[in-house]
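Colleague: If you read the sequences in order, they're chains A and B.
Note that the first sequence covers residues 1 to 416 in this note's numbering.
Note that the second sequence covers residues 1 to 135 in this note's numbering.
Just so you know, the hints here were simulated from the structure itself, not pulled from any lab data.
Take a look, some chain A residues computed to stay more than 12 Å from chain B by CB distance: (1) G40; (2) E78; (3) L359; (4) T382; (5) R412.
Pair ranges (Cβ atoms, derived): (6) A:R289 to B:A127: 35 to 45 Å; (7) A:I282 to B:D104: 18 to 28 Å; (8) B:C91 to A:I255: 44 to 54 Å; (9) B:R16 to A:E300: 22 to 32 Å; (10) A:A327 to B:L71: 55 to 65 Å; (11) B:R46 to A:R258: 21 to 31 Å.
Idealized CB from N, CA, C, for every residue including glycine.
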Amino acid sequence: MPDRNATPRRPAGRARAAPPKEGAPRGEVGLIVEALKAHGHGRYDVRVDVGALRDPAMKEIGRGVNAAAEYAQASMREAMARIQVVSQGVDETIEAMVKLVVQGDLTGELRLGVSDAALAPLIAGVGQVMETLKKFVTEIREAALQLSSSSAEVLAAATQNESSTSQQASAIHETTATMEELKGASHQIAENAQMVAGIAEQTLGAGKQGEGSIRAFMDSMEKVKRNAVEVDDAISKLSRRVERIGTVVEVIDEIADRSDLLALNAALEGAKAGEAGRGFSIVAAEMRRLAENVMESTKEIKNLITEIREATHAAKEAADGNKRMAAEGEKLGGAAMGSVGGILSGIQETSDAARVIHLATQQQRTATEQVVQSMSEIEEVTRQAQAGSRQATGAAAELTKLAERLAELVKRFRVD
Amino acid sequence: MSQGTAEILMFQVGARVYAAQVDDVRRIAPADWDQAGAIAATALGRPFDAQRGIVVACPGGDQILAVDQVLGVREVAEADLRPLPPLAAQCLASAAVTGLAILDEAPTPLLDLATLIQEELRGRAAATTQGRHRA
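Just chain A, same shape as in the assembly (with noise of 0.2 Å):
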């Protein structure tokens, strides 16, 4: 097909061929040749002037000429006339196109007027890529419909994410302050641990001072008892002796009496006797005298023997109390010294115990610092973390609007 821009440049009607030019075939043969290289620039309103030439094969030349010369500028009228047609057709189909996709209704079928074959190849693709156009906005509005729900999914999540990241921060942070503390309390603990350790020392030391103490408590208490039996013994040989003495008093009392009451009718009788019985009433009297101060003295014993019996029953008594007291004190020093054997175990459990938790507390306290350490770089991270959760939150937020924004764009193209 010739190129439409070599549709005819010049008005219509006809030329004549051109005189030749300097050093071209000259007369009749020229004419022919110069209409013959106009056609040859597509200039095929060019025709050879039969009438001027005198040779009739030369005229049968140029009416040849210009003969084919017509038939080539009809041909061209013709493809002219049917490329106008096609581009019509092209540009309907176009258009069409264009408006179904504006419009977005991809449910219907391009209607074209034209008929034209040269089209229907056209036609058959512009179908197609309307089905694959379709075909694309089907599974674009599926996709958007499940971007849509996935970025709300995701949306979601990374809200949920940000704030399980800020939470796990607040807490992280907390158990950070906590670590702190229980640093501080595994170093007061050291410390007392150490402190207990040292007083349990103490104690110990003192504690086995009581143990000896007591040892000679015991001691003591065992003395005591033989002191007490002893003393006991001797109160008792003590009271026997004093019994004896009793009964040797009442025997003097008694004879004290009797001489009393003998000096009694002695001086009666030397009273009746009158003045020869006044030197027996003076022997009498001085006899008498004597008994009395016999019966005082005896009295007097009586008195000390009954105090002799009531300080003996005393000390008898004490000395049993003592005995008891002995005993019991025996008994308590054996019973303490159990306690103390116990507290003295105790004690040495405590210290030991005392620097296990000391060395346990060391350990801890570093391990302590080693999770406060670790606490802050998690914190660390986990504050980036908490910045990425926002910047995703922000991204999925972005994205479901972008998602909603697609399935809105989306429906515009009606498929069904």
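Starting from the known structure of chain A, arrange chain B on it as the hints suggest.
Modeller: Same frame as chain A, now just chain B:
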């Protein structure tokens, strides 16, 4: 006995001290006499612990008067032995108190022991009789 003096026996019944002529007393009995035959309660009252007994010659035989203590024989001036004033004699129910012995400027009842015992014995006999009559 010297001129103007007298010997009296001092004894105690309860809290009070009495005096008696030594001639009225036969002897002093020990505390372990036959308590059943002794006269414990008289017009002088009942002794606390009756450590001594005074043996008195009575018309029916010797009687023992239980006393708390016999303080001894004491020589007193006869001037210090004074008869009981009539008013006092009339006021007393017992006739055994015959006078007062002034000892250390304090009056001590002077007793007739035989009368004292007779009054007690008579009283007992009268009580026994009254008891029989009542029975």
